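These protein sequences, in sequence, are chains A and B. Taking our numbering, the leading residue of the first sequence gets 1, the next gets one more, and so forth. Taking our numbering, the leading residue of the second sequence gets 1001, the next gets one more, and so forth.
Please keep in mind that the hints were generated in silico from the structure rather than gathered at the bench. A couple of the hints might just be wrong.
[Said to hold, decoys possible] Restricting the straight-line Cα-Cα distance to at most 30 Å, the calculated cross-link-like pairs of lysine-lysine (DSBU-like) are: (1) B:Lys1065 - A:Lys87; (2) B:Lys1230 - B:Lys1172; (3) B:Lys1076 - A:Lys87; (4) A:Lys88 - B:Lys1065; (5) B:Lys1006 - B:Lys1155; (6) B:Lys1056 - A:Lys87.
From a predicted model like this one, the values you see are computed outputs, not experimental measurements.
Read off the chains here:
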Amino acid sequence: MMLQQLLNGMALGMAYALIAVGYTLVFGILRLVNFSHGAVYAFGAHMVVFFIGMNFGLLPAVVFGILLSGLLGVLIDKIALNPLRKKKSPNISALITTIGVSYIIQNLLVLGFGSGRKSFPKLIETRSIMIGDAQITNIQLLMLVVSVVLFLSLTVLVKYTKIGLAMRAVEQHETNAALMGIPTSFIISFTFFLGGLTAAIASVLIGSHYEIVYPTMGMMIGLKAFSAAVLGGIGVFYGSIVGGLLIGLTEALAATWFGAEYRDSVAFIVLILVLILRPMGLFGKKGLNKV
Amino acid sequence: MILEVKDVYTSYGHIHALRGVDLVINEGEIISLIGANGAGKSTLLGSIAGIHPTRKGDIFYNGEKITKNRPHQLVKKGISMVVEGRGIFPRLSVEENIRIGAYIINNRQVVHNTMDKIYTLFPRLSERKHQQAGTLSGGEQQMLAIGRALMSQPKLLLLDEPSLGLAPKLVKIIFEMIQTINKEGISILLIEQNANLALSISDRTYVLENGEITLSGASKDLRHHEGIKKAYLGEVLDNTSQEVIQSFQASNL
Ligand SMILES: Nc1ncnc2c1ncn2[C@@H]1O[C@H](COP(=O)(O)OP(=O)(O)O)[C@@H](O)[C@H]1O
Ligand SMILES: [Mg+2]
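Bound-form chain B, shown alone (with noise of 0.2 Å):
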C-alpha cells in the first residue's frame, strides 16, 4: 500500500467537501476518481498533496502518516500532482517550468538526466523550451505540467483532470503517456470526467458523491454496474474517444 486515506474530512468554511472519505492506492496501480462536478475530487486530492488541510481523519503515505505535512515536505516523499488547470508558469520558459520541477533534487547530473527523459517522453516540449510557458496550447501546458511533475521523480503522481478542454487526438495521447509512465513503476491517482476513459485505463475506482465514497471496485467490473452505467456511462462518444477506450480495455482486460 502506497498509500492510505483514512476517513478523511476536509472542509471550506461551513462547506464539508470530504465527509469521511477511505482510499487505498497499491503501489503500481492506476485508480480512477470519478464523480459530478463539486463531489469533492479536487478537495480529495488537495488533502492528500497538502494544499487543503484535512480537518479530521489521516493520510498514510508507505505507512507513514503525512496528514499534516506541508505540500513541498510531501514532493520531497516522493508525491507529486498536478493540478486541475494545469498550473504552470506562464511567465517562465518552458524549460524554467521543468527546472523547476526539480526543485528538490540537487545533483545537477540527474536533473540534466531526467530533463533529457522528458524531453523524449514529450519532444514538443523540447522544441519550445525556451518558449514562454504561456505561450503554449492547450494540450502543450499539459504535456509541460505532466514532464514537470515527474521531475521531481515522485513515486505516486495525483492528476486532476489531465483531459480537461483537450481535443480526443491529444486525450489520446495524454493518457498513453500515463500509461508510459505507470509502466516505470509510478503509482497514479487520475481524476477523470469522462467515467468509460477513467474505467477502461485504470485498475481500480472510486466513485465521490458529495464527499462521500459510494462505490469502489475493480475498474473491468465497474464497467457493467448498473448504477454506474446510468449515473456515468450514458455520455456518446465520438470516435476517437471510442477508439481509445477500445485499446485500453483490450490492454487492460
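Just chain A, same shape as in the assembly (with noise of 0.2 Å):
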C-alpha cells in the first residue's frame, strides 16, 4: 500500500515538475512568476484532442499540439509582455497580464470545445506492471521516463550549448548581454517556447493518465506545480524537480492517511511550510527577490 503509495506520488510528481520547470524558465531570465502558464498546459491537451479529431494520426497530433504550445509561449511574450518590457513598466504589469492572458485563453478554449470534460486519446494501451504487491501503470512509467529524460536535455541545453549560455548570460542582465551580440529578444522569445513545450508535454502525459480535458484543467495543476517551483527555490532547475516530487508524494500520501479530499490542500500547507522556514525555497538563490 505504502509503495504503490510512493509510486503514484512519485509518476505525478515528476508531472508537477515538468510543469514547474516552465516557470522556472520564465522565472529565471525574466525575474517573471508567468501566470499564464496553466493556461498553455490545457492548450496543449486541447490542440492534441483537434488535431486527432482532424484525423491527423496520434504521433502527428501530438507533435503539432506540443510545438503549437510552444508558439503560444512565443505569441504571449510578443504580444502581451514585450510591449511592457519595452515601456519599462513595473514587473507588477506583467504578472497581472500573465493573469489576464490565462483567462483569455481558456475562455478562447471554451469557445472552441465548450467548457465540458472532453476524452483524451489513450497514447498506449494502458497496461498495469507489478512491483512487488504495488502496480504501476505503463503511462506512470512514460510520465517518469520522459520527464527524466526531458529533464536531462534541458539540463544539457543550459549549461553545455551557446544557446543555454546566452540564457544564462541574459538572465544576469539583458543590456550586457546585448553588448555581446546576443539577440536578447530571440532568446527570450526561446525560452518561452521552451516554457509552452515542456507545457504541452506534461499535459499530454496528465492527459493520457486521467483520459480526460477541459479548459480549467492548468488552474490547479498550474497552482501546485507553482507551489513546487518555489518550494524548491524558483529559478533553480533541480529545485522543481525536488518541488514537483515533494508535493506530489504529500499528496498521495495526505490522500491514503486523511483520504483524497484532502489532497490539494496538503500540497499548499507544506508549501507554506517550507517557505516560513526558508523563504528562498529549499534551493533557491538569495537575492531573487523581483515578484
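With the hints in hand, could you dock these two chains into one complex?
Below you can see the structure in the form of C-alpha cells.
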C-alpha cells in the first residue's frame, strides 16, 4: 500500500516538476511569474484532441499540439509582455497581464471546444506492471521516463550549449548580454517556447493518464506546479524536480492517510511551511526578489 | 573615418543628456573623451553602441547609417563596448564570460584561436578560467571585460572608464594593454576621468560638458591648453601615475 502511494506520488510529482520547470525557465530569465503557464498547459492538450479529430493520426497530432503550445508561449511574450518591457513597466504589470492572458486562453478554449470534459485519447494501451505488491501503469512509467529524459536534455541545453550560455547571460543582465552580440529578444522568445513545450508535454502525459481534458484543467495543477517551483527555489532547475516530487509524494500520502478530499490543500500546507522556514525555497538563491 | 557622430541628441525622459554632439574617429586612432561626472560621456558611448537610442541626429559607421541599430547588430558590424563598472556576468565562469564575448562568431576554430590570444594577453585570466567571474578582483574583472570585448573581433572598441577604482599599477597595465590592442589596428574611444592620463594616451581628445562638446583637438596640443589645465589638470598625481603618463607622453610625441 505504502509502495503503491510512493509510485503514484512519484509519477504525479514528476509531472508537476515538468510544469514547474516552465515557471522556473521564464522566472529565471525575466524574474517574472508567468501565470499564463497553466492555460498553455490546457491549450496543449486541447490542440492534441483537435488534431486527432482532424484525422492527423496520434503521433503527428501530439507533435503539432506540443509545437503549437511552444509557439503560443512565444506569442504571449511578443504580444502581451514584450511591449510592457519596452515601456519599462513595473514587473507587477506583467504579472497581472499573465493572469489576464490565462483567462483569455481558457475562454478561447471554451469557445472552441465547449467548457465540458472531453475524453483524451490513449497514447498507448494501458497495462499494469507489478512491482512487489504495488502496480504502476505503463503510462505512469512513461510519465517518469519522459520527464527524466526531458530534464536531462534541458540541463544539457542550459549548461553546455551556446544558446544555454546566452540564456544564462540574459538572465544575469539583459543589456550587457545584448552588448555581447546576443539577440536578447530571440533568447527570451526561445525560453517562452521551451516553457510552452514542456507545459504541453506534461499535459499530454497527464491527459493520457486521466484520459480527460477541459479548459480549466491547468488551474489547480498550474498552482501546484508553481508551488513546486517556489518550494524548490524558483529559478533553480533541480529545485523544480525536488519540489515537484515532494508535492506529488505528500499529496499521494495525504490521500491515503487523510482521504482524497484533502490532497489539494496538503500541497499548499507543505509550501507554506517550507517558506516560513526557508523563504527562498529549498535550493533558492538569495537576492532573487523581484516579484 | 570609422565613426561619425552627427548632431546627436539623447534624453532620459526630461533629462537631456546629449545636446547636439559631433564626434569623429578615424581608423586606427585612440580618442579620449573627458568631462565631469554627469556630463554625458557614458550616454554618448551608449548611444553609439545602441543601448541609449538617440532622439535626434545620426551615427555613421564606415559611412553606413547605424543610428537605429540594436546593440547586438552593432557587435556584428564590429563595434564592441566595455561598460562602466565592467558588466561581467558574475555567476558565469571566467571562461564562459570570454566564450560569450564570441557569441556572434560561429567558427569554432576562430573562437578557439581568439581565446588563446586573449589568454596570452591576460595570463591571469587563464589561471582563473574555471573561477566564477564574480570572485575576481577589480583589476582582473576589468581585464576580463576587455578580453571579452575583443572576442567578437571588433574594429572599434568603446571603453567606459576602464581605470575606475583600480590601483595605479593596474591602471598602468590596463593602459599598456589598450595601446597594444590599438597597435593591432583596433580604433578606440576611451572615457577617462584622469585628464592627464587621457591626454597622454590618445591621438585626439574631446571635452564634453553638460551634453555638449566644448573643446576638441590633438591631445598633445590640449595638454598645454589653458582652459584644460585649469579645469581638468589640477589634480596632484601619485608617482606611479606620473610614471605612466611620462612613458605615454614619450611614446606619443
Ligand atoms: N538611466 C538614466 N536615467 C535617467 N537619467 C540618467 C540615466 N543615466 C544617466 N542619466 C543622467 O544623464 C546625464 C549624463 O549621465 P552620464 O552619461 O552617465 O554621464 P557621465 O558618464 O559623463 O558621468 C546625467 O545628468 C545623469 O544623471
Ligand atoms: Mg559615466
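Status of the hints after comparison with the structure:
1. B:Lys1065 - A:Lys87: Holds - the C-alpha atoms of A:Lys87 and B:Lys1065 are around 25 Å apart, at most 30 Å.
2. B:Lys1230 - B:Lys1172: holds, 25 Å
3. B:Lys1076 - A:Lys87: Since the Cα atoms of B:Lys1076 and A:Lys87 sit roughly 26 Å apart, the hinted pair holds (cutoff 30 Å).
4. A:Lys88 - B:Lys1065: holds, 27 Å
5. B:Lys1006 - B:Lys1155: Given that 30 Å is the threshold and the Cα spacing comes to 20 Å, the pair holds.
6. B:Lys1056 - A:Lys87: Holds, because 19 Å separates the two Cα atoms, which is no more than 30 Å.
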